[in-house]
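S.K.: Chains as they are written, first to last, in the working numbering: chain A, 1 to 418; chain B, 1 to 418.
Which copy is meant is left open, so a pair is good if it fits within one copy or across any two.
Taking lysine-lysine and the DSS-like style, the derived pairs with C-alpha atoms no more than 30 Å apart in a straight line are:
hint, residue 1, residue 2
1, K205, K266
2, K18, K389
3, K266, K105
4, K389, K105
5, K105, K262
6, K266, K389
7, K262, K109
8, K262, K389
9, K297, K138
10, K198, K138
11, K389, K205
12, K138, K205
13, K105, K297
Don't read these hints as lab results, they were simulated from the structure.
There are 2 protein chains.
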Amino acid sequence: MNQHTLSTPPLDSLLLEKLSGLIGRAPVRITLPDGSEISPAESAPAGTVVIHDRRTLMNMVLSPEIAFGDAYTEGRLEVEGDLVDVLSAIYRSLAGKNPATWYAKLASKWLERTQSNTLSGSREHIHRHYDLGTDFYKLWLDSEMVYTCAYFPTPSIGLEEAQLAKMDLVCRKLQLQPGERIVEAGCGWGSFALHMAKHYGVRVKAFNISHEQIAYARENAARRGLADRVEFIEDDYRNICGRFDAFVSVGMLEHVGTENYKDLGKVIQRCIGDSGRGLLHFIGMNRPRPLSAWIRKRIFPGANPPALRQVMDLFEPWNYSVLDVENLRLHYALTLQHWLNRFELSIARVAEMFGEEFVRLWRLYLAGSEAGFRAGTLQLFQVLFAGPKCEHTPWTRAYLYDQKTTEKQDVKWMHAMS
Amino acid sequence: MNQHTLSTPPLDSLLLEKLSGLIGRAPVRITLPDGSEISPAESAPAGTVVIHDRRTLMNMVLSPEIAFGDAYTEGRLEVEGDLVDVLSAIYRSLAGKNPATWYAKLASKWLERTQSNTLSGSREHIHRHYDLGTDFYKLWLDSEMVYTCAYFPTPSIGLEEAQLAKMDLVCRKLQLQPGERIVEAGCGWGSFALHMAKHYGVRVKAFNISHEQIAYARENAARRGLADRVEFIEDDYRNICGRFDAFVSVGMLEHVGTENYKDLGKVIQRCIGDSGRGLLHFIGMNRPRPLSAWIRKRIFPGANPPALRQVMDLFEPWNYSVLDVENLRLHYALTLQHWLNRFELSIARVAEMFGEEFVRLWRLYLAGSEAGFRAGTLQLFQVLFAGPKCEHTPWTRAYLYDQKTTEKQDVKWMHAMS
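All chains, please: the whole structure from these sequences, using the hints.
M.R.: Right under this line is the structure:
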């Protein structure tokens, strides 16, 4: 770093220098309208951040995350080169560090205070993101509308197949047996609940506070003739009651807030007691730290992906054992790559629906998430756990990877249903 | 519970009642010399604890763990029925709770203070257990002298095969490549270091503070022609230096003490930096709590199996990612069953070496450990982790269960060596 053109005014030079420090001296070129720039000294830049005005530059020095996101959204900043590559380079250079300015820390704390995940807060947060409209999500999700990390047995398979493989992986980890009762907390558009009932012969109660998603899920259950085995309930995880054999939650824990984990743990214990088991699938962090302030401000209010340490608050009070943790972060990077590609093919339609700024906002969110999982600032954990009296502890994990087991599972289920 | 004979003196009756509460109302009969007893009211007892004198009964009410262990060792107490079954029943009834008396709490704290894992403390603790003599351990360990949890791809295979399978599982999780440099902290009698070098073509530096184990390991390395590729060093993990591709430790973390995890984390970072990976294999707990005071007093001074939460102290400061956690507690129960069976076949020889009390001491330790893993008061975790710049993240875990991969691995290694 450290190459300015001769004509760079001293203030700009200072600000560029400062900004370069804030992004961890990432191998990225940054340019200003007058042609002045800062470039990596050692390696070829991953791309160029083109800043269109000095106000944007100053905002970025004050609060890089939020200012970068907002300036990109509003077109006051552009990225030349591959957006995911540029963001990955920055995340890798920061390597989990967050050299936050005082202003950025303040903004982060402010968001935390104003975006509390109370019953009504959660409803508002979920509504803001998930009720953007099923038509919008249909443009770029898979046909089953699964809005969580997929599982690619090999990277070359398609998104549709990978989402099915993910649902199957979770069912197999839980060793679902025909006739069992399963509770799902945070069920999205309902595909996983329907998948469990259809392919594993279980009965499911699935909870979600997104009105639009629940409506879609109910319609789908009726259309597929599964309404007698899958009940979709528009309610908060805190209000779940009933007894179940297993608890499962795919992509909800990020929205719960670590301060509510003890309560969620109580809910789980109420549901499955000492003899049940469960699986949590969630975006996580290597260590406790807040999610990008920009993401919380513009995309996911109240979101808080936990470190594994924090997740233990759910299990320890009940003497639950962690049986298996799998980190699938590269699978989420690939999932996001699929989503971003599909999104780009639909931007004309998205712009019609929500305007050009929305297109840029969501492009940055999807690209930034892909970069986060690629660079390792974000992780994706699947945690399998069991109560102290659970008798479903698998002997090894080999059955997860044995095609014959799956077929046998299907046969067993068919047998039970006939 | 609550059935006393009519003749039970009031004090004995009170003490029996109290003791029954302290063992969680476990379905176990307890008898006194005068014939008075307390029995489970609802189910058949798993066995009978025969207490030979009132002093023992009083000690047990004061400090059940230590008093039970010492009385069993000295023959002031016997167990009729299967020892492992009786202990499992008690552990299951306690279900992770520890209704410790004030005296027991005091004794536990006292052990903690006097058994500190300083450099010299650790040396003393390790010496006391592991330097009992290779001849003693040869009587009941497998031929490779592996004194950690084995891995049974199916429960029916023998101990020798299961120890090899465990060593292979760890090598595969680490994706060892020919020519890589590996550091092992706490290497026992050295079989795993030799296994890595022989079957995966890596160079190993292996550390241990047990003088006798290191001497045995060096002899073995020379005899097998591996001394140029495996260096055994008699030193503490705190003194490890050098750069390596991977860090591995099988069965040492239990002896480190959670208060030293930050320091161990620094050692790991010094060894593998941001680009390495590692695996820790250790006895753990569902939540932070002290190990049985009797075990710490008589068997493993200074031992402290951690909860997963505590293990995060090693990784978080360095932004290391947890890639995979596997809980193998049932494999340790089976391993201990093998050890206990072999031990029982050698008790005449053990009694000659150390006396009858030692036989009873070690029988209780082995049976109690098997019961702990069976009942779930003890867990066995394998944690695979990687630095933020590690490029060895496997795409899925299927390769761990694919026989073809193993063969390919061997071929690759043979290729590199030829």
